[in-house]
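Enquirer: Dock chain B against the given chain A, drawing on the hints supplied.
Number of protein chains: 2
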Amino acid sequence: MKILIDTLGADKGVKEIVEASILALDRIDYEPILVGPEDEIKSHLNEADISKVKIIDAKDQIFNEDKPTLAIRRKKESSMVKAMKFLKEGSADGMISPGSTGALLTGATLIVGRIDNVERAAITLIIPGLKSNTIMLDVGANMDISPELGLKFARMAKSYAKVLFNHENPSIGLLNIGLEEGKGNEFSLKTYELLKESDLNFAGNVEPYDLMTTEADIILTDGFAGNIALKTAEGVGKNLLGLFKEAIMSNYKTKLGGLLLKDSLKKALDQLDLDSTGAAPLLGSKNPVFKAHGSTNKDQFAAGIVQLAKFIEAGVIEDIEKDMNKEGENND
Amino acid sequence: MKILIDTLGADKGVKEIVEASILALDRIDYEPILVGPEDEIKSHLNEADISKVKIIDAKDQIFNEDKPTLAIRRKKESSMVKAMKFLKEGSADGMISPGSTGALLTGATLIVGRIDNVERAAITLIIPGLKSNTIMLDVGANMDISPELGLKFARMAKSYAKVLFNHENPSIGLLNIGLEEGKGNEFSLKTYELLKESDLNFAGNVEPYDLMTTEADIILTDGFAGNIALKTAEGVGKNLLGLFKEAIMSNYKTKLGGLLLKDSLKKALDQLDLDSTGAAPLLGSKNPVFKAHGSTNKDQFAAGIVQLAKFIEAGVIEDIEKDMNKEGENND
Numbered sequence: 001m002k003i004l005i006d007t008l009g010a011d012k013g014v015k016e017i018v019e020a021s022i023l024a025l026d027r028i029d030y031e032p033i034l035v036g037p038e039d040e041i042k043s044h045l046n047e048a049d050i051s052k053v054k055i056i057d058a059k060d061q062i063f064n065e066d067k068p069t070l071a072i073r074r075k076k077e078s079s080m081v082k083a084m085k086f087l088k089e090g091s092a093d094g095m096i097s098p099g100s101t102g103a104l105l106t107g108a109t110l111i112v113g114r115i116d117n118v119e120r121a122a123i124t125l126i127i128p129g130l131k132s133n134t135i136m137l138d139v140g141a142n143m144d145i146s147p148e149l150g151l152k153f154a155r156m157a158k159s160y161a162k163v164l165f166n167h168e169n170p171s172i173g174l175l176n177i178g179l180e181e182g183k184g185n186e187f188s189l190k191t192y193e194l195l196k197e198s199d200l201n202f203a204g205n206v207e208p209y210d211l212m213t214t215e216a217d218i219i220l221t222d223g224f225a226g227n228i229a230l231k232t233a234e235g236v237g238k239n240l241l242g243l244f245k246e247a248i249m250s251n252y253k254t255k256l257g258g259l260l261l262k263d264s265l266k267k268a269l270d271q272l273d274l275d276s277t278g279a280a281p282l283l284g285s286k287n288p289v290f291k292a293h294g295s296t297n298k299d300q301f302a303a304g305i306v307q308l309a310k311f312i313e314a315g316v317i318e319d320i321e322k323d324m325n326k327e328g329e330n331n332d
Numbered sequence: 001m002k003i004l005i006d007t008l009g010a011d012k013g014v015k016e017i018v019e020a021s022i023l024a025l026d027r028i029d030y031e032p033i034l035v036g037p038e039d040e041i042k043s044h045l046n047e048a049d050i051s052k053v054k055i056i057d058a059k060d061q062i063f064n065e066d067k068p069t070l071a072i073r074r075k076k077e078s079s080m081v082k083a084m085k086f087l088k089e090g091s092a093d094g095m096i097s098p099g100s101t102g103a104l105l106t107g108a109t110l111i112v113g114r115i116d117n118v119e120r121a122a123i124t125l126i127i128p129g130l131k132s133n134t135i136m137l138d139v140g141a142n143m144d145i146s147p148e149l150g151l152k153f154a155r156m157a158k159s160y161a162k163v164l165f166n167h168e169n170p171s172i173g174l175l176n177i178g179l180e181e182g183k184g185n186e187f188s189l190k191t192y193e194l195l196k197e198s199d200l201n202f203a204g205n206v207e208p209y210d211l212m213t214t215e216a217d218i219i220l221t222d223g224f225a226g227n228i229a230l231k232t233a234e235g236v237g238k239n240l241l242g243l244f245k246e247a248i249m250s251n252y253k254t255k256l257g258g259l260l261l262k263d264s265l266k267k268a269l270d271q272l273d274l275d276s277t278g279a280a281p282l283l284g285s286k287n288p289v290f291k292a293h294g295s296t297n298k299d300q301f302a303a304g305i306v307q308l309a310k311f312i313e314a315g316v317i318e319d320i321e322k323d324m325n326k327e328g329e330n331n332d
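Same order as they appear, the protein sequences are chains A and B. Its first residue numbered 1, the first sequence is counted upward by one per residue in this note's numbering. Its first residue numbered 1, the second sequence is counted upward by one per residue in this note's numbering.
Next up, chain A with everything else stripped away, as it sits in the complex (with noise of 0.2 Å):
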C-alpha cells in the first residue's frame, strides 16, 4: 500500500512528520511517499531508513494564510497540489497532510474529484470522548446545506464509522438545541425526519452538553453549527486549562500542589484519548485524504497514517461509492 505523505504545514516542521512515517512502519506494512523538500527530507533520515521511502522533491508549500482556490490553482509546485495530483493518477492509495484544510477541501474537490452523487465534501473530526470517540461532520467545509446533502454526510461518515470503531451498525446522532423531536431549526427539523425515516441507525438529537459523553457513533451537523460547536468547545477547553496553570503556578505552596496533582491529572486528561487517531478524513473525496492537525506531534500523525492504512485497506471509498450509486437510483 502506497501512501503519499505532505510533510508541510505542521506546526513543528517537516522533522516531526518524516520521523512520524517510519514511526509508522513499525505498526503497519506501507510505502512511504514522502512529498516536501528532498534535501530536508533526507536530512532527517538514517541510511537505513532512507531507503524505505520513496520522495517526491517539492519546495513550495500552501500557507493557512493564502486562498485556498488561488493557491491550489497556482502553487503548482507545492507538496500539497503535488501529492494530489499523485493521488489522482492512481499512482497511490491514499494522502494524509497536516496543511491547511481550506486548501485541502479545495484540492479535493478541483483535483482528486468526487464521488459520483455527492455533491460536497465534507470534514470531520474525531471528538475524544469521556466514554468513547464519536465523528463529528460537518465542521466547516459547508455552510448552508440541504437536509438530503445532510443526509448523504451520515451515509458517508456510517461506512468510516463501520472501519473506525468495527462496529457493524453505527449510531448516528443529529446535533441539535434539544433532544425532543420539533425542536431545532430549519434544517435540523427537516434532517431529523430524513433520518428517521431511513435505514441507518438513528439515535435522535444530541445536545451539544453532551458532545464529550454522547455514545453516538456520529454526530451529523451542517458545517457553521459544527464549526461553532468545535471552536468554543476549544477555546473553553484551552482558557479553563489556563486557568488551572494559572492557578498552580501562583506560589510555592500551589505549585507543591501541582506537583502531588501531576500524575494524576495526566492521567484524568488522557481519557480524552487525543492521540488514537492523529487525522481525519474528508469525506467525499474520490480518494482517501487525511487531514492531521497542524499541532500533530510525531504520535499522532503515525497514528493518523495507522488510521488512512486501515481506511484504504476496508475499501471505505469502495463502500460509500456503492451506497451512494443504490441512493442515485432510487432517486431516478
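Source of the hints: derived by calculation from the structure; they are not laboratory data. Treat the hints with care, since some could be wrong.
Remember, identical chains collapse to one label, so a pair may be satisfied in a single copy or spanning two.
[Unchecked claim] EDC-like cross-link-like pairs, simulated, lysine to aspartate or glutamate; straight-line CA separation at most 20 Å:
1. 75 - 38
2. 67 - 180
3. 67 - 207
4. 298 - 49
5. 190 - 144
6. 183 - 148
7. 67 - 181
8. 245 - 263
9. 298 - 31
10. 88 - 49
11. 190 - 93
Expert: Same frame as chain A, now just chain B:
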C-alpha cells in the same frame, strides 16, 4: 420602584428566592412583590421583613417540562402567569423569574406583548469573560431569523449594554466561523453587511474561540448557533472541571495537592464573574422581563434584581422604543 419576583422555578426552592429579595433591599430601594405560595413565602420571612414585601398568592407552577404555549394559556393560577398579568396591567415596573425560559418567552409575547417594530423577542446571556463580560443574543429563542431582525437584536442589546457596562457606544461583534469578512453562512454574511452599513459600533466577526476573551460588549448570533455555542461551553466546562475533581479525589497525595491549590483555584475561577449579573433580560418584551438561571443562588438572584432595577431606572425599553420607531420611519 415595584418589582415582581416569581418565587417558583429555582432548583434551590422558594426560600432562596425570598431571601434574595430581602438581600437586594440592602443594595437598592425597591418594593418587592413576591408571587407564589403565600404560606410558604411567609414562613421564610421574619416579622420585620414581612412588612417590606407584598405577596401575590399563586399556588400553581410552570415546569420546564410543560409545553410553553399550553402552560401560559392554561396555568392561569401559576406564579409566572400571574406576575405577567400584573406587569401587563402596569401594576409593577418589571419582573424576574428563575422559571422555564420557554414559558417566560411565550408569556412575554402572549401576555406582556412586544415592542412595536420588533417581530420577536430574544434571549440574552451574560458571558463571564476573562477580560470583561459580554452580552450574547439570541441564545435560543429564534431559530431561523432574518438579518434584518438580527440587526434589531443588536440595536436592543446596545441600549442594554449602555446601562450594564456604562459604555457610551458599546461594540458589537458577530459570532462567526472566521474573522475575515466573507466567512460564514447566509445569515452571517448578510448580517455582516447590515452591521457594517449601520451606525452601530461594529467590531467585525468574533470566533467562538474568543467567547471568553473577546472585548466586544455584545455578540450577535441567531438562536440556533447561539444555543449550540452556549451548551457546548457549558458541557466542556462541566466535563473538564469533573476531570479535575476526579484527579484531586483519586488518593491521599492528590487530595493534599487539591487542598494546597484550593484558594488559588477559587481565585482563578472567580475571574469568571458568574455572580455579578445574575440574570438577563428578554429583549423585545414591552415591559422588563428578566430571566435568572434555574440553578441561581441567593447572591446571584439578588444581583439579578439589582440589574433589573438598573434596567428599569435607565429606561432601557423607552430607549429601544425610540430607536425602533426611528427604524420604522426609515423603512416607511
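Enquirer: Taking the hints in turn, state whether each one holds.
Expert: Hints, one by one, checked against the model:
{"no.": "1", "hint": "75 - 38", "in the structure": "within (17 Å within a copy, 75 Å between copies)"}
{"no.": "2", "hint": "67 - 180", "in the structure": "between (41 Å within a copy, 12 Å between copies)"}
{"no.": "3", "hint": "67 - 207", "in the structure": "between (34 Å within a copy, 19 Å between copies)"}
{"no.": "4", "hint": "298 - 49", "in the structure": "within (16 Å within a copy, 67 Å between copies)"}
{"no.": "5", "hint": "190 - 144", "in the structure": "both (13 Å within a copy, 13 Å between copies)"}
{"no.": "6", "hint": "183 - 148", "in the structure": "within (19 Å within a copy, 23 Å between copies)"}
{"no.": "7", "hint": "67 - 181", "in the structure": "between (40 Å within a copy, 13 Å between copies)"}
{"no.": "8", "hint": "245 - 263", "in the structure": "both (15 Å within a copy, 14 Å between copies)"}
{"no.": "9", "hint": "298 - 31", "in the structure": "within (18 Å within a copy, 65 Å between copies)"}
{"no.": "10", "hint": "88 - 49", "in the structure": "neither (27 Å within a copy, 80 Å between copies)"}
{"no.": "11", "hint": "190 - 93", "in the structure": "neither (37 Å within a copy, 42 Å between copies)"}
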